[in-house]
Each structure stands twice: as structure tokens, then as C-alpha cells.
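Undergrad: Those protein sequences? They're chains A and B, same order as listed. Residues in the first sequence are numbered from 1 upward in steps of one, following this note's numbering. Residues in the second sequence are numbered from 397 upward in steps of one, following this note's numbering.
In case anyone wonders, no lab produced these hints; they're calculated from the structure. Do not take every clue at face value.
What the hints assert, rightly or not - Distance condition first, Cα-Cα at most 16 Å in a straight line; then the derived EDC-like pairs of lysine to aspartate or glutamate:
no. : chain 1 : residue 1 : chain 2 : residue 2
1   : A       : LYS221    : B       : ASP662
2   : A       : LYS218    : B       : ASP662
3   : A       : LYS256    : B       : ASP662
Since the structure is predicted, the reported quantities are computational estimates derived from the model, not experimental observations.
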Amino acid sequence: MKLKKIMASLLAAAAAITCLTACKTDGNTSGNDSENNASAGGNVLRIGGSGPLTGDYALYGNGVKNGAQLAIDEINAAGGINGCTLEFKIEDDEAGEEKAVNAYNVLKDWDMDISIGTVTSGACIAFGAEAAKDNMFILTPSSTAVECISGDNAFRVCFSDPNQGVASADYIADNGLSSKVAIIYQSDNAYSAGIFDKFKSEASAKGIEIVSEQSFTKDNKTDFSAQLQSIKDSGADLMFLPIYYSEASLILQQAKSSGLEIKYFGCDGLDGILNMNNFDISLAEGVMLLTPFAADATDDATVHFVTEYRAKYGDETMNQFAADAYDAIYIIKAAAEKAGINADMSSSEICDALKKAMTEITVDGVTGTSITWAADGEPSKAPKAVVITDGSYKAM
Amino acid sequence: MSFLSYLVSGISLGSIYALIALGYTMVYGIAKMLNFAHGDVIMVGAYAIYTICITWGLPPYVGVLGSIVVCAVLGVVIEKVAYKPLRKASSLAVLITAIGVSYLLQNAALLIFKSDTKSFTSVVNIPSIDLFDNQLHISGETIATIVVSVIIMVALNLFINKTKPGRAMLAVSEDKGAAQLMGINVNSTISLTFLIGSALAAVAGALLCSSYPALSPTTGAMPGIKAFTAAVFGGIGSIPGAMVGGILLGVIENLSKGYISTQFSDAIVFGVLIIILLFKPTGLLGKKINEKV
């Protein structure tokens, strides 16, 4: 009897340990390579960030990780920033708020000087709140929610949610894509709900009729048959999907099997859908989306980035997140050179100097040309729309 | 016409809940425990099919059969290792162990398959049906789900009422001690229950992921909770109850999504559950429990 009890508690303990180790191994592997460099010390600037390296949005996090690393390696090979070598470390936050705060604390212990914040919005809000207390400079590549850069220490490379909502509505109206639009959005997600709100108000201003508004939550994101049926009944000819790609893949599949024929328009959250394991890319044929990066663009910056990235990391994570992160590092370089940052300054002093420099620089990057920043942290650049043709993006 | 369409997709979703609920309700009826790892067995089954059919490229029927074997073995192993030593322990200890097993399975899947969502290829190869001038579209997966669920429920009912091992299950569910005195091997009967319940979970996993083809380590969690609700709804321990509860749950969920609000559908489903339990505390088809003195 006693033995059985001991066995039971051992089993429970084993289960608990497995949970712990499962999380732990992920965190460790991401940090190892940079940790070895950190001990070298000397004249270095440490750039840290966090993102979902595992989990549902791992394609985003790994894109950022590789894109940033590519830029760091290039800059170091060319002599660094103001004579300082760069070190880069990214922690895994699985797109969760608590883990992002933990990641921030780990990075602070690592003596981070400058941060690229986090990859996803919810995590960035939590991460940013901690960073604001320390006056740590943040330039997030891809967190789109307005609140992500509410602190005066925070800037971003990508468009904000409202900006994407407005740009989508404008694009649909200006190009006469549709006059009757249906929407499916994720109501418990800051990114999705943020775009939805702005899209709705801009659409009515532009004379687009929204005939069906459907939503889902994270607990209810497998069965879309009811939403799709309502959209079918509403007579909409275009479906706006301000959501992430894993849910979008289900919607595309279920719409096809329920016989719904409709045009699709999405935002940068759909980026990554073509790289999903075993996804039937013919389902995404003709899907339009706003994304600042198309791998087949022919401008010099994109061609250089795509060639280098492909050689080093392959095609799997070559998405706009990688491009945003690549730009983020070069933007930090431009601002740091403008402000004359060196490794002796504290992270708070660096932040004050960079804040000022950010509003004075103009950067040409992969995700836009002549990008400038206002003091509120929002970039000013033109959105680009692409359409998925034969399994890849084509500029529209 | 859209009403019919909501109804059909509700029945399809409900049939999957019902299949999962059968596993919950059988185990509860016989072992008197809530096997919270049941939802995760579904996920394991779906990954087994994914590995066999997509990674190894074998045909779907091999995938389904392989997955049934994997889940049946897993179910028996879980029972032997985790639950059997606790047979005389308090029900709370067993419940916590079940939750532990659930996390163990999820994290094992996370380690082996990584957490990015995988797109599942349907194992169902039945053409869809269009009725009423293409107004009503019923997919092959929906037809397969409903037909398979009905067949399984009928077969399970026959098995339990007409065969020797099935009647042994009934006897164990009524009184373990008396059943043992009558010469029934209680341990192997409980193992058989887990074997059947887990094999059903494999079938449910195949149908779930064919209808909603996104597979991640948490795929089984939410359907597992919904199916548990369905089992309580219909009266936990009752096999027809699990079927009725599952289908009702799916239909209520889909109709409230269609006509009331996609936001509140879960709140409405659980609201209905509370109301039913207020009037029928043992569920729709649950037996009244006489406390033994």
C-alpha cells in the first residue's frame, strides 16, 4: 500500500518535472551560442530581444532571430558600430506575456544595452512596460498593437494595427476589390481586434459595406462552419482576415469544403501560411495580403537580403518578420552612429541618445524606403500589397 | 436553408464530441474516475496518423489502424502505470494524477513534434453532397463523422449488453466487490475499458483532425473539455447519454454561433448545461444514484 503511494507521488513528480524540462530546454538552446560570446567582454554593445522560437508562432520568432543575426554578422564583419562589436541574444517567450517578462529579466542580467523588444504584440506590451521602468531603448521589428510603443523609449519597424486596418480598407476601396465585405477576427487578440476596429471605421468612411462581422476566440478556433455559413448567407464577395496564419489555414480549408467561393484579403499575420507543414498551398491561391516584404521583389536591398538569408538559413523562415528584424538592426546602427553611442554608456544614457536620434534619421531598408520616425515611435512608410500566385508572393 | 446547414455542421461537431465523450463516460462508469488525459490521447492518435500517413507516406487506412493500436496500447499502459496503483486511493489523488498524465502527454508531444501547428491531410475519402440546388453543402468528413459515430455507438451498446466481457463491465460498474466474488477479473475488465476508450479516442482524433486539419500538442485539450461537458450533460456513466449529450452540445454551440453571437457561444453552451443540471442533477439520461449505507 505504502509502496503504491510512493509510486504515485513519483509519477506525479515525474510529470511535473517533464513540464519544467520541456520549457527549460527550449529556453536554453536559444541562448547558448550568444552566451559563449558574452564572456569575451570588452568593447561590445549587447542587443537583446524575445520572441516565440517555439509554439504556434515559431515561424515569426525564428524569422526575427535569423534576420537580426544576419544583420549583426554583416555589421560586425564591416567593423561594428562606432568601433563596438555587436552581440545578439534572443529568448523564447512563446508569444506569452509572463514569459516575455522573464525574458526581459534574463536579458537584463546579461547586461543588455539596446533591445529589439519582442516579436508579438501581447508579449511586447508586457516586455515594454518593464523596459519603460528601466528606460531601456526598444525598437520592435514586428509588434503591431498601438500600446506596444506607448512608452517614449519604444519605436517600431512595422505598421501599427490601426495603420494596417486603415491601409487595408483604403486598398480595398481604391482598387475597387469589393463593396460587400465580410470579416472574421479573433476577439480576444489585441492584434486582430485592433485592426478590425480601425478597418470598420475606415471602411464605412470609404463606402465599403460590411455585411457580416464574425469572430472567434482562442478556445474556439477550430470550427468555423457557423461563421462561414453566415458569410455565405450575407452575400459578401470578399473576406477580410485580420488574423494569424494557423487559423486562416483552417478557414481557407473549411470554406473550400463548404463550397464558399470568395476573395480573401489579409494583413501581415497571414505571412507564414505558405511555410506551414503539409499545408495545401493551392488553398491560398489568390489570397491578397498587406506585407512590407515580398521575396521576389527586384530592388537591390531585397535581392541582397534574400540571397544572403537563403544561403545561411534557407527559405523556411524567410518572411517579413525576418526582413523587419534585419531592418531593425540596421536602423539601430543608423541611430547609434548618429547619436555617437559607445559601449561605456549605460543603457539609460543610450536610450536617451537613441530616442533623439530616431526622429532625425531616414533609413532605406528591405521593408520600405526613406523610412522616418515620429517621436511617438510610429514609422512612416508606404504599405505594399501582394497576391499569392503559384505558391509565392507577387506584387500587386 | 442556413438553419439546416448550421444543424448539419452542429451534428458533425457534436458527433466528434460524442465519440470522445464515450471514452470519458465508459471509464467513469466502470472505474469511477475522471480520465482527464483522454483528450490528450486523441492528440497522440492524431500525431500517430500524421506520422504514418504524411511522414512515412503510407495509405490512410494503415494510419487509422496504426493510430488505434498506438492509442489502445497507450490507454492500457496509462491505466497500469498511473491509475492502477491508486485504485484504493482517494478520488482526488486519481484526479490529480490524471491531470499529470495529461501534461505529460502534451509535453512529450511538444518535445517530439515541436509546437508549430501542422496541417493535417484528411483521412476521409468520400465525395461531398450538394442538396437543394447547392444551397446545402455536406462535406465528406461530416458524413463520415456522423456515420462512424452512429456505428460505434450501436456496436458499443451491443458489446456491453450482449457479450461476456461487456456484461462483466456492467457488473464491475455496479459493484466491484460482488463482481469479483462472481469470478470476474476486475483488473482486466478495467484494462479492457481503457483499451476500448482509447481506441475510440484514436478514431475521434482521426475524424477531428480530418474535419479541422490543424494539429498541435494542445489539439485535444479543448475538445476534451467540451466532450467531458457532453458526458456530464447526457449523464456521466451512460453510453446513450454521452451520444445524446455530445450531439446536443455541438448543435447548441453551432446554432448559438449562427443566430446569437459567435462571441458568446461557449457561455451559452455552459449556461444550458447549468440549467439542465439544476433540474436533472444526474444529466439527461443519467441514472439516479442510490447512496449505499
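Undergrad: Indicate, hint by hint, whether the structure satisfies it.
TA: Going down the list of hints, with the structure as the test:
1. A:LYS221 <-> B:ASP662: 12 Å, holds
2. A:LYS218 <-> B:ASP662: 12 Å, holds
3. A:LYS256 <-> B:ASP662: 25 Å, violated
The structure fails to meet hint 3 from the earlier list, while all remaining hints are met.
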